[in-house]
Amino acid sequence: MYNLIGAGLIVIGGGLGLGQIGGKAMESIARQPEASGKIQTAMIIIGALLEGLAFGALILGK
Amino acid sequence: MVAKKSIKYLVVLVLSLTSVLGFASVSDPVQGAEAGDPVDTAEEINSYIKHHLKDAHDFHLYTDNKTGKHYGFSLPVIVWTSKGLKTFMSSAFHHDDSGSVIVNKDDVKLVKIHSKIYELDKGANVVNFDETHHAKNAHAVLDFSITKSVFGMLVTGLLMILLFGLLARGYKKGNVIPKGFSRVLEPLVIYVRDEIARPNIGEKKYKKFMSFLLTVFFFIWILNMLGLTPFGFNVTGQIAVTACLAIFTVVIYMFSGTKDFWAHTLWMPGVPYVLRPVLALVELVGFVIIKPFSLLIRLFANITAGHFVVMSLIALMITLKASFGPVVSTGMSLILSLFIMVIEILVAFLQAFIFTMLSSLFIGMAVEEHDHAH
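Protein chains in written order, with my numbering: chain A, 1 to 62; chain B, 1001 to 1374.
Keep in mind the hints are simulated off the structure, nothing from the lab.
Fair warning: there could be bad hints in the mix.
Unchecked claim - Below, computed lysine-lysine pairings styled on DSS-like, alpha-carbon distance capped at 27 Å:
#, chain 1, residue 1, chain 2, residue 2
1, B, 1086, B, 1136
2, A, 38, B, 1207
3, A, 38, B, 1204
4, B, 1205, A, 38
5, B, 1208, A, 38
6, B, 1109, B, 1054
Unchecked claim - Pair by pair, the computed Cβ-Cβ distance ranges are:
#, chain 1, residue 1, chain 2, residue 2, range
7, B, 1154, A, 38, 35 to 41 Å
8, B, 1169, A, 11, 47 to 53 Å
9, B, 1130, A, 40, 51 to 57 Å
10, B, 1204, A, 40, 22 to 28 Å
Idealized CB from N, CA, C, for every residue including glycine.
My request is simple: use the sequences and hints to build the entire structure.
The following block contains the structure:
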């Protein structure tokens, strides 16, 4: 039961983080479309780091 | 020309449908069980998914529930027991997974329980279980079997040797433009070089690490794609495989670290002396434990979660049959699982990309040279 609540919290946190990353990346691509390649790569890396954190927490909580 | 093209489309369509149908036929035993004696369907589906996510000693494709016949092929079992090396085919277990079939190999009695092979203690003839369903009178053996995952890795390795051997031979012959399938591979190789290795490791040193990065990239990618076929491989979803790949990365960046890297890790310049040992500890834990851990967990969890979702969505056609009827539930599960499958193809590439990207990022951190004086 408690680990399910924890999983929900992890997903909320990860979702907030991913939303921030994605939103800011969108904004910056809209401002500077010519830099979209670089922004996308950086976005994916940070997204992956966040994902690693969230998955680590999920696995540890299981 | 038009006919040739339409044949191509037809082949692609048939292939994509068989992948879905393959999964569908795999879930058949559950349906059969539901029709017979009252079994908890959810429980059955759960155990089926768990079975799929685990490694197996035989290659199980399909079970005909009416005749009880299994389709697939067995793989060699190689175990190191108390009496030395024993080898036999896994068909000796007759698809038993509960420890009731005992294989007697020169006075060594072996059983398979939950996809693991155990050796019975001296004098024991049947496996006794305790309350938690652990075998009491049997112990684990060293298992070097060619399991399904090992088989998948061998297939991938051979495929890579073949494909990249062809590409290399093409260049040796002096072809500037590669022919055939090599045309697909060249842009990918160049992508890994120009987008992953060069910007992260640096112009001067990236060449030394290209072989590792390319191998890891294609190994993970091909295995991820193999996991989406109906053969039911789940190699990159085995934590041992991803852990091994992460350990490779750690060893490589640890041993190629420059003087500057170690100075910055162990005795950070520009920080008060009291803080330096604390920072050294934090940095060391980060490099030795946290970075590889995040690498291995990311790949493992992504692939496992993907397989889990696909299997669950296919199971929808059975769980929703009672409330929505066969046509609606099958259609729903077909559309949803097709949608997830398409996303999984993207994820398969993305995970290979991210693993390679982060590996080269870490290697880049280790081999970076600082020109400025502190």
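Right, here's what the structure says about each hint:
1. B/1086 - B/1136: Cα-Cα ~22 Å, so holds.
2. A/38 - B/1207: holds, 22 Å
3. A/38 - B/1204: Holds - the C-alpha atoms of residue 1204 of chain B and residue 38 of chain A are around 21 Å apart, at most 27 Å.
4. B/1205 - A/38: With Cα atoms ~21 Å apart, residue 1205 of chain B and residue 38 of chain A stay inside 27 Å; holds.
5. B/1208 - A/38: The hint holds at about 24 Å.
6. B/1109 - B/1054: Holds, at roughly 24 Å.
7. B/1154 - A/38: 35 to 41 Å: Once the Cβ atoms are compared, 39 Å apart, the range 35 to 41 Å for residue 38 of chain A and residue 1154 of chain B holds.
8. B/1169 - A/11: 47 to 53 Å: holds, 49 Å
9. B/1130 - A/40: 51 to 57 Å: Distance hint for residue 1130 of chain B, residue 40 of chain A holds at roughly 54 Å.
10. B/1204 - A/40: 22 to 28 Å: holds, 26 Å
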